[in-house]
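Taken in sequence, the protein lines are chains A and B. Following our numbering, the numbering of the first sequence begins with 940 at its first residue and continues without gaps. Following our numbering, the numbering of the second sequence begins with 6 at its first residue and continues without gaps.
To be clear, the hints were calculated from the coordinates, so they are not data collected in a lab. Every residue, glycine too, gets a C-beta built ideally from N, C-alpha and C. Check before you lean on any hint, since a few could be wrong.
So, partial list: chain A residues that the calculated Cβ filter (under 8 Å) puts toward chain B [stated by the list, open to error]:
#, residue
1, Trp1021
2, Ser1026
3, Arg1034
4, Leu1039
5, Trp1043
6, Val1049
7, Leu1052
8, Phe1081
9, Ala1094
10, Ala1095
11, Ala1096
12, Gly1099
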Amino acid sequence: MSLLTVENLSVHSALQEMVAPISLQLDPGQAVTLIGETGSGKSLFAQALLGTLPTGLHAQGVLSLLGQQVAIDNPTAIEGLWGRAISVLPQEPWRALDPLMRAWGQVEEVYRLVARSDTPEKATRAVLNALDLGKAGDRFPFELSGGMAQRLAIAAARAGGAKIVIADEPSKGLDLARRDEVARRLRIVPETGGALLTITHDLELAEMLGGEIIVLREGQIVERGPAMQVLRAPQAPYTRKLIAAEPRHWPAPPAPHPGAPILTATGLTVARGGKVLFSGLDISLHAGEVVGLCGPSGVGKSSLGDTLLGLADPAAGQISRGAGLAPIRFQKLWQDPPAAFASHQRIGQGLADLMALHGIARDRLPPLLARLRLDPALLERLPTEVSGGELQRLAIVRALLLDPVMLFADEPSSRLDPLTQREVIGMLTDLARSQGIALLLVSHSPDLIAQATDRQVHLNENPGAPQAAATLQTA
Amino acid sequence: MIRALGWRLAQAGMVAFLVAISSFLMMRALPGDMVMRIAGARFGYDNITAENAELVRAQLGDPSGIGAFFGWFSGMLRGDLGNSLVSGMPVSAEIGHQLGATAQLAGGAIVLSLLIGPPLGIAAGLRPGGWFDRLTLLLAAALKATPQFLLGLVLIVLVSIALGLLPAAGHGAPQHLVLPALTLALGLAAATTRITREALVQARQSDWWRFARWKGLREDQVLLFHGLRHVAVPVLTLIAAQFVALMEGVVVVETIFGWPGIGHALVHAVFHRDVPMVQGTALMMGLAFVLVNACADIAARLLDPREARQ
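Required output: the full structure, derived from the provided sequences and hints.
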């Protein structure tokens, strides 16, 4: 018997069809992955299955779980199945765990209240041990590493006994090692008789998960089939475009033409919270140069950027910036665009305030918007009312208004889908090269760094060790 | 934790010093001859004569003089709060008695406000924007805007005089506590209702609330096992912060309801220019404020260990 069948599930708003009818079947041992860019309808499809569609949207179609038909337009009927029949893996486990509850309780309560186990403590101990969390039961989420939080969230999500697992963007913001671990954990679901439905724009993750792939675009199925077939021999032009947007398929960057030195740092030691992250680093940045900054999570990439920008003081070492360059011309682009804008202020107002504060002529804004292919009408909106890619481009505009000589871009595209990522990174590197801006680009994707930057700086995970030898490698 | 407690201890020292100086200076700044007032308190206002005043002066010296201040201050450092200028009894004995009555009243008020505020706040926060939410907002604003003396009088008129349910004043039997405690509690509950509501609305929008639902917990289970703890942290902090308002209220409410507490004593001591009593009561209130905040700090750290351990 199949675990879940969906017949002609579609999502509508009052005015239009948001997701065209989709049918799929999840049998024990099966994995299905929905891929597509932001706005393709893949998340709406998952929300319809879970009964969590935003107000104003309605689902139609037939949904059956374990042979039982469920009223798809009745969210409360579906809510009763959460944890028991369908479990959901959270996007960002750190934020999904209750910050004030110890690890143990977050899993134990599910065995006790949801699975109604007679021996919830025993079950909790077993699963925590199996996930290498045996000693972490007493810790609060903020005391867990990212990987531990991820495993804890998986344990908590699955403790209710659900056979069907829905994972919505499970690799969002993860570095490669963490992503591969998530993929391994997810593969266990079908291997142990469950069924997995994943929503992602990460094609490498989709390939690792295998099973069936459904490619969505603007609510329509573009292509579907076995993962290898879709990814290796795509039929639809759109699928080919998606695959080409992956950083490893980007064209090589133009030959570098570094200009005058903007910033030179020697013997740099950076510490955070009294702990030395790295020491003895030499780095220089030149006008019009795109430099990649790589290294595992927590190695101090962001701290290095903040130190070079002058936002933090180095523990030791010298930083000399080009003569006559005002500190404000060293600017930063943030990882999470919504967090970098005031949420209740119209975007245009924020930019107007910035220009008024620094005496920037108002007529400089329209050409910049045009350059980044942004509709001026977006300025009337709130940050929540524009897409992530548009918001990151607006953040670039905001930085460019200040005539930067250096931009530190801290994983600027890790929350964007591949097509948008390619567009944003492409614009950013083109601008840096043409405007003579020194761009220091951080990414957890080695492919992206290799394809987008002129040379790379590697930070190694070995605090205190001399790094001079490992620092500069010109690509 | 140790550092935070050390800081609170230093705060207590500063409070003692500032309270001593400012209450002394304020007493001096009040118009009228202090000795005459003290004589009035001792012998009755009909008997304020030059002879009685001289008698007091001969006994006490000049109570507004700087020497009196240093005498009191050095006594305080040894733990001696001096004697009342009116009754001649040790201040510590008088305050010790009144402190119990005030603690009873303030404790009763806090318990009542916790029985009223958070439940209403939770009910409002479960349906933000609903009629109940808007009603509690209106009530909270109205209660917060009503001065306590007015609220106390309204309660006396309604409950004691019109309905005859509870005594209007007095101390001793449990029913005496209800009206003064309620007067204080309503003002406190107005704030706790809104804070609880805000904290709950925020919690319900959080990722961890949603994930708890996805784990299979029902809405009421998430509220019980996760939500309440998150709501408790800001409520606890608020109670400590409201302690100043509570002490202000105690002064007013004790006077209205004739409650023999420290606030009542403070008002009388001010009238009688009983400087050591004023200094002693003000000192006790100041130290109580520091103590309450220290307790709230510890409790908040136990509930939310994030700050303490990072």
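task = Starting from the hint list further up, note which numbers the structure goes against and sort them upward.
result = 5 and 9
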